[in-house]
Each structure stands twice: as structure tokens, then as C-alpha cells.
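Peer 1: Sequence:
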Amino acid sequence: MSHEELRDLLAFAALDTLESGEARELAAHLASCPTCTGELAALRDAVGWMGVTVAPITPPAELRTRILRSARSGRKPGAAKRALSRTLGAVGGLAAAAAVVALTMYSLGLAERVHTMESQLAAERETARFLASPDTATIVLAGTEQAPKARMKLAYDRRSGRALLFGYDVPPAPQGKSYQLWFIAGGTPLPGRVFEPDATGRGQWSEEVPAEGRGAAVFAVTLEPAGGATAPTGPMILKSVSLS
Numbered sequence: 060m061s062h063e064e065l066r067d068l069l070a071f072a073a074l075d076t077l078e079s080g081e082a083r084e085l086a087a088h089l090a091s092c093p094t095c096t097g098e099l100a101a102l103r104d105a106v107g108w109m110g111v112t113v114a115p116i117t118p119p120a121e122l123r124t125r126i127l128r129s130a131r132s133g134r135k136p137g138a139a140k141r142a143l144s145r146t147l148g149a150v151g152g153l154a155a156a157a158a159v160v161a162l163t164m165y166s167l168g169l170a171e172r173v174h175t176m177e178s179q180l181a182a183e184r185e186t187a188r189f190l191a192s193p194d195t196a197t198i199v200l201a202g203t204e205q206a207p208k209a210r211m212k213l214a215y216d217r218r219s220g221r222a223l224l225f226g227y228d229v230p231p232a233p234q235g236k237s238y239q240l241w242f243i244a245g246g247t248p249l250p251g252r253v254f255e256p257d258a259t260g261r262g263q264w265s266e267e268v269p270a271e272g273r274g275a276a277v278f279a280v281t282l283e284p285a286g287g288a289t290a291p292t293g294p295m296i297l298k299s300v301s302l303s
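Counted from 1, the sequence shown has number 146 at position 87 by the working numbering; the numbering is strictly sequential.
Incorrect hints may have been included.
In the BS3-like style, the derived pairs of lysine-lysine whose C-alpha atoms are separated by at most 30 angstroms in a straight line are [unchecked claim]:
1. K298 with K208
2. K212 with K236
3. K236 with K208
4. K298 with K212
5. K298 with K236
DEER-style ranges, computed between Cβ atoms [claimed, not checked]:
6. P231 with M60: 53 to 63 angstroms
7. E84 with A187: 49 to 59 angstroms
8. S178 with M60: 31 to 41 angstroms
9. E64 with G260: 55 to 65 angstroms
No wet-lab data here; the hints were simulated from the structure. For each residue, glycine too, the CB sits at the ideal point set by N, CA and C.
Using the sequences and the hints, build the whole thing.
Peer 2: Okay, here's the thing in C-alpha cells:
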């Protein structure tokens, strides 16, 4: 690689995202180029400061490839790129490289946060639609004397059996134990999902109620060996109290 091509790699070296071959070639160049050595040191300092306020994000390999290809292609930039180029050119090569690192990290972080928020919002909307559907039955389970503050809600589609289970104030299961949901139809308990609440006693789990369990008269949760059981063996922790 030429000096300029190796210099293009400095920002990626500061982020520790070079491929092994590129890293070796750049290391050999740095041994005889004090200018690039100084720029790399400054870039690493800049990345360190940015890490105080921005969560570290590793740019994907395809982004690095696109940036380097664009830098070497000599294509005429668009208006936004020309404005950015003038700004970066005015502040010098080192500051420009630091700005590229900062902009790359910021844009990746922002895109990731936006994607996460959009995904969460879409999931919440889908849950709301499911709960509001006239085909969705909702069962409330209250804690027994084993866990008087615990409560749960089971919402399931009467036709497909698709279900969501919500837990509140469910105490942590003892070591080696798990909670298990049961559908009791005609006096026969049908095994359901095995689950564990989080540290706050809450949780949300997906479930699928079998066809024979959708007309169950009783829904219950028992404490079973870790991994669940084919028939209830432990104490009943929660039991259905209402159905809508």
C-alpha cells in the first residue's frame, strides 16, 4: 500500500478493527514513519475520550470496506460530502481522521438505538393489538399461601392457542426448581411452559396453549424440578381466579 492508503487505515487501527494482514502492513509502516505514528497516538487518545460518553461500538467490516473504497475511488462527492470534505480539510488531516472516527461511532450508535426503539415500539403495539382482540381470553392467577403476593396474567387466542404470560411479584424459585404452568381440563393437568421470573419477580413469556387446554376450567402454576415435569409434583403457587 502507498503512504496515503496506509494513512487511511489509522482510524480503523485506533478502533482495533484492522484485519491481521492490514495490521501487519501498517505496523511495518509505522516503524519508519513518525508522522503516522503520532497521528495514530492522537487518534487513540480521541477514541479514549469518546468512550467516556459513547458506548463502544465495533463498525461492521462492510462499513470499513465502503469507507476505504470511497476514499480511494476518486469519485466526485455530493453536496453533503463536499461540505464535509471542506470542513475536514480546513481542520487538517489529523482532526479530519478523528472526526471520521467520531462520526462513525456516533452514527452507528444512533442507528442502533433507533433500531432498538423501533423494535420495542413495534413489539409493544403488537402486544396491545393481541390483548385487545375479541378472540383473546385473559386469565388472572392469584398467589396461594405459598406466595400470597404473586400474581400472573395469561392471555391466549381461543382459536390459535398463541399466548402471552405475564408475572408480577413472583418469588425466585429455590435452587434446582422451576415454575411450571398447567392447564387443568376435565380434571387432567396438561403441562405448560416452564419459566423463571427476573430479580424483581417479573417476567413476560410466550406460550402456546394446546387445543385441549383452551377450555380448561383451572389454570395453575406449581413449583417443579428444574426443567419441568409431565405431571404436577410440587406445591401450587398460583391458581386462576377469573376468566374474561
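Peer 1: Now look at each hint and say whether the structure bears it out.
Peer 2: Status of the hints after comparison with the structure:
Only pairs whose Cα atoms come within 30 angstroms are accepted, and K298 paired with K208 is accepted, the gap being roughly 12 angstroms. Restraint check for K212 and K236: the C-alpha separation of about 21 angstroms stays at or below 30 angstroms, so the hint holds. A distance of roughly 19 angstroms separates the Cα atoms of K236 and K208; the hinted pair therefore holds under the 30 angstroms criterion. The straight-line distance between the Cα atoms of K298 and K212 is roughly 10 angstroms, inside the 30 angstroms bound, and the hint therefore holds.
Only pairs whose Cα atoms come within 30 angstroms are accepted, and K298 paired with K236 is accepted, the gap being roughly 18 angstroms. Taking the beta carbon of each, P231 and M60 are about 57 angstroms apart, inside 53 to 63 angstroms as hinted. Between E84 and A187 the C-beta distance comes to about 55 angstroms, which sits within the given range of 49 to 59 angstroms. For S178 and M60, the hinted distance range of 31 to 41 angstroms is satisfied, since their beta carbons lie about 40 angstroms from each other.
Checked against the given bound of 55 to 65 angstroms, the beta carbons of E64 and G260, roughly 57 angstroms apart, stay inside it.
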